[in-house]
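S.K.: Model the placement of chain P on the given structure of chain H, informed by the hints.
The primary structure of each chain is shown beneath.
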Amino acid sequence: AQTVTQSQPEMSVQEAETVTLSCTYDTSESDYYLFWYKQPPSRQMILVIRQEAYKQQNATENRFSVNFQKAAKSFSLKISDSQLGDAAMYFCAYRSAREGYGGSQGNLIFGKGTKLSVKP
Amino acid sequence: EPEVTQTPSHQVTQMGQEVILRCVPISNHLYFYWYRQILGQKVEFLVSFYNNEISEKSEIFDDQFSVERPDGSNFTLKIRSTKLEDSAMYFCASRSRRGSGAGKTQYFGPGTRLLVL
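First to last, the sequence lines map onto chains H and P. Residues 1 to 120, numbered by the numbering used here, are exactly what the first sequence covers, in order. Residues 1 to 117, numbered by the numbering used here, are exactly what the second sequence covers, in order.
What the hints contain is simulated information worked out from the structure, not anything from laboratory work. Treat the numbers as computed from the prediction; the structure is a model and nothing was measured. It cannot be assumed that every hint is accurate.
To give an idea of the chain H side of the interface with chain P (calculated C-beta under 8 Å), a few residues [as the list claims (entries may be wrong)]:
no., residue
1, Ile49
2, Arg50
3, Ala53
4, Tyr54
5, Leu108
6, Phe110
7, Gly111
8, Lys112
9, Gly113
The beta-carbon is built from N, C-alpha and C at its ideal position, and this holds for glycine as well.
Isolated chain H (complex conformation):
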């Protein structure tokens, strides 16, 4: 079974600085997707960024980028120029690429999350 591990329960960053959140996962599959979701105090789950395992290029979305190391099964999130609105819980999630009958319908497996605080 696949597992996702986030080893940093809490992180703190100064406004405008850069912070990196760690995520490792375990799988025997070669094709899958990885996600970072943000959960602010409202507890809504908001997609931050997505990475397809078959792509070597690291995904980037504005101030958010990932460092995807497939061999090491590592998927860290870098937040540049941190803003007060970035303060939230961040969840790393894994999804198998297998679909259809006999395969997964794409349910997500989440890590325990990292609580990010941003200091003004």
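M.R.: Just chain P, lined up with the frame of chain H:
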């Protein structure tokens, strides 16, 4: 921008009562999911639904739980006889057809906070 909606936002119920949590997925999406998050813990998969039937469920999703898509827009989660340990945030999610980039992504609703007393 289309979004997943959920009602109610909060629900308080007595142990043993039935509750129905409602979700309206994004209109052209075909895959639907329920997850739950007990306070302070990680988000856990409950069930996925496709083509009007359950396609996958976790061990959490026992006989007390059921899902339904009663019409073309709503997707419901029913808990027949609630227990104290059912207190959690329940998230609905949906995604579009497989094969497309956006189809790989699940979009979440704002959640229903269920408290069982």
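S.K.: Each hint needs a verdict: does it hold in this structure or not?
M.R.: Hints, verified against the model:
no.	hint	verdict
1	Ile49	violated (10 Å)
2	Arg50	holds (6 Å)
3	Ala53	violated (11 Å)
4	Tyr54	violated (11 Å)
5	Leu108	holds (6 Å)
6	Phe110	holds (4 Å)
7	Gly111	holds (6 Å)
8	Lys112	holds (5 Å)
9	Gly113	holds (6 Å)
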